[in-house]
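Protein chains in written order, with the numbering used here: chain R, 1 to 89; chain V, 1 to 89; chain Z, 1 to 89; chain F, 1 to 89; chain H, 1 to 89.
The set of hints was computed from the structure by calculation and includes no laboratory data. The structure displayed is predicted, hence computed values, not measured ones. Beta carbons are placed, not taken as given, at the ideal position from N, Cα and C, and that holds for glycine. Treat the hints loosely; a few may be bogus.
Said to hold, decoys possible - Covered stretches of chain Z, as calculated for chain V (at least 3 residues, CB under 8 Å):
id: 1; region: 15-23
id: 2; region: 57-63
id: 3; region: 74-83
Said to hold, decoys possible - Over the 10 Å line for every Cβ pair with chain R, so calculated as not near, a few chain F residues:
id: 4; residue: T7
id: 5; residue: M32
id: 6; residue: S61
id: 7; residue: K88
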Amino acid sequence: MILGRVTGTVWATKKDEKLEGAKFLIVQHYNMDLSPQDKFTVAVDSVGAGAGEYVLFAAGSSARQTEQTKDRPVDAVIMAIIDEVDLKK
Amino acid sequence: MILGRVTGTVWATKKDEKLEGAKFLIVQHYNMDLSPQDKFTVAVDSVGAGAGEYVLFAAGSSARQTEQTKDRPVDAVIMAIIDEVDLKK
Amino acid sequence: MILGRVTGTVWATKKDEKLEGAKFLIVQHYNMDLSPQDKFTVAVDSVGAGAGEYVLFAAGSSARQTEQTKDRPVDAVIMAIIDEVDLKK
Amino acid sequence: MILGRVTGTVWATKKDEKLEGAKFLIVQHYNMDLSPQDKFTVAVDSVGAGAGEYVLFAAGSSARQTEQTKDRPVDAVIMAIIDEVDLKK
Amino acid sequence: MILGRVTGTVWATKKDEKLEGAKFLIVQHYNMDLSPQDKFTVAVDSVGAGAGEYVLFAAGSSARQTEQTKDRPVDAVIMAIIDEVDLKK
Chain R
1 MILGRVTGTV WATKKDEKLE GAKFLIVQHY NMDLSPQDKF TVAVDSVGAG
51 AGEYVLFAAG SSARQTEQTK DRPVDAVIMA IIDEVDLKK
Chain V
1 MILGRVTGTV WATKKDEKLE GAKFLIVQHY NMDLSPQDKF TVAVDSVGAG
51 AGEYVLFAAG SSARQTEQTK DRPVDAVIMA IIDEVDLKK
Chain Z
1 MILGRVTGTV WATKKDEKLE GAKFLIVQHY NMDLSPQDKF TVAVDSVGAG
51 AGEYVLFAAG SSARQTEQTK DRPVDAVIMA IIDEVDLKK
Chain F
1 MILGRVTGTV WATKKDEKLE GAKFLIVQHY NMDLSPQDKF TVAVDSVGAG
51 AGEYVLFAAG SSARQTEQTK DRPVDAVIMA IIDEVDLKK
Chain H
1 MILGRVTGTV WATKKDEKLE GAKFLIVQHY NMDLSPQDKF TVAVDSVGAG
51 AGEYVLFAAG SSARQTEQTK DRPVDAVIMA IIDEVDLKK
């Protein structure tokens with residue numbers, strides 16, 4: 001999984017019929033020390049994540065293993081909201 | 001998903017038999033501030049996207065989850081046309 | 001899908017039994033303006049592509065969705081020969 | 001698979017219901033000479049790996065082939081703890 | 001598929017139970033002119049490849065399509081030993 005932060009929303013009225021109700025969030029990739037990268041993924045939300053929150057997202061077919069994304073043309077899902085990152089050297 | 005813009009079409013008469021009728025669009029990758037990247041993907045269209053439109057595309061096995069791409073040798077599908085990108089800091 | 005050009009062949013006598021008869025072509029990645037990249041993928045051919053031809057190839061599990069690649073340990077397939085690339089600004 | 005070293009833990013209380021009990025470890029990617037890269041993946045543990053240990057992780061749908069990750073929205077799993085890396089020239 | 005050369009072995013006693021008997025080989029990525037890249041993948045062997053041999057490996061779910069890797073948490077498999085690379089301009 002990749003660690004990121006929700007930094008926006010993508011609005012799309014015209015979409016594949018299987019995507020009705022899906023919420024597309026912009027996730028900026030972050031390093032483990034919580035410094036931002038200049039890289040972004042658009043992911044569907046399965047946990048009620050809001051702007052500014054640090055999250056984990058899963059990509060590929062694994063992104064379709066939640067109730068919200070099953071059988072949908074979706075390749076990234078936010079599946080956890082991060083409380084804390086505990087780094088050891 | 002990746003945000004992009006439709007910048008052309010690839011024409012192919014000779015293709016795998018499962019691909020009859022598929023439309024191959026060129027999608028240039030874009031940043032979240034809608035500045036272009038020097039990176040391109042060829043994707044099948046499932047939403048009637050036209051040249052110049054900003055779109056989302058899904059990659060990998062998720063690209064086969066639309067009516068237009070089911071069971072086809074296709075690894076990228078345009079599944080939404082973007083109305084607006086709402087960035088928060 | 002990625003746009004490329006067939007620039008060679010890889011010969012392998014000793015291979016997984018499921019790969020009997022598979023033809024491994026070298027595909028050089030190309031930009032949309034048909035300038036070459038310094039990047040290569042080895043793909044199985046499903047359309048009779050020959051050296052010098054511009055092609056599209058699909059990667060990942062989607063590469064197993066042709067008659068020639070079904071259930072085989074193959075992660076890239078040439079699924080179309082390109083007639084023309086039509087770029088719009 | 002990619003070789004890495006466990007360098008921390010990500011804590012997440014709010015997560016997809018399928019992820020109850022999953023442990024998210026931070027894996028820093030390493031080179032084959034065991035020098036570190038500046039790249040990280042968050043992976044679920046299936047072998048009881050601890051901080052400081054060198055491990056292998058598998059990504060994509062293959063990450064769902066363990067007892068601990070089956071049918072879960074998880075795209076990386078630690079599936080082996082490394083005893084030794086034997087490099088030949 | 002990616003072209004590489006076997007340059008070592010990774011030993012792991014403690015591994016997911018589905019991995020009993022799997023042999024983890026280190027594959028250095030090579031260019032088509034057989035010059036080495038500074039990039040490595042750990043792959044399971046399905047063809048009896050030995051140190052120094054040039055091989056092809058398949059990644060992702062396709063890596064699970066051999067007898068040796070079926071249903072296992074493995075994302076890369078060596079599926080062919082290369083006899084010759086025939087480059088055309």
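Against the structure, the hints come out as follows:
no.	hint	verdict
1	15-23	violated (count 0)
2	57-63	holds (count 6)
3	74-83	holds (count 6)
4	T7	violated (6 Å)
5	M32	holds (22 Å)
6	S61	violated (5 Å)
7	K88	holds (31 Å)
Going through the hint list in order, the structure does not satisfy hints 1, 4 and 6.
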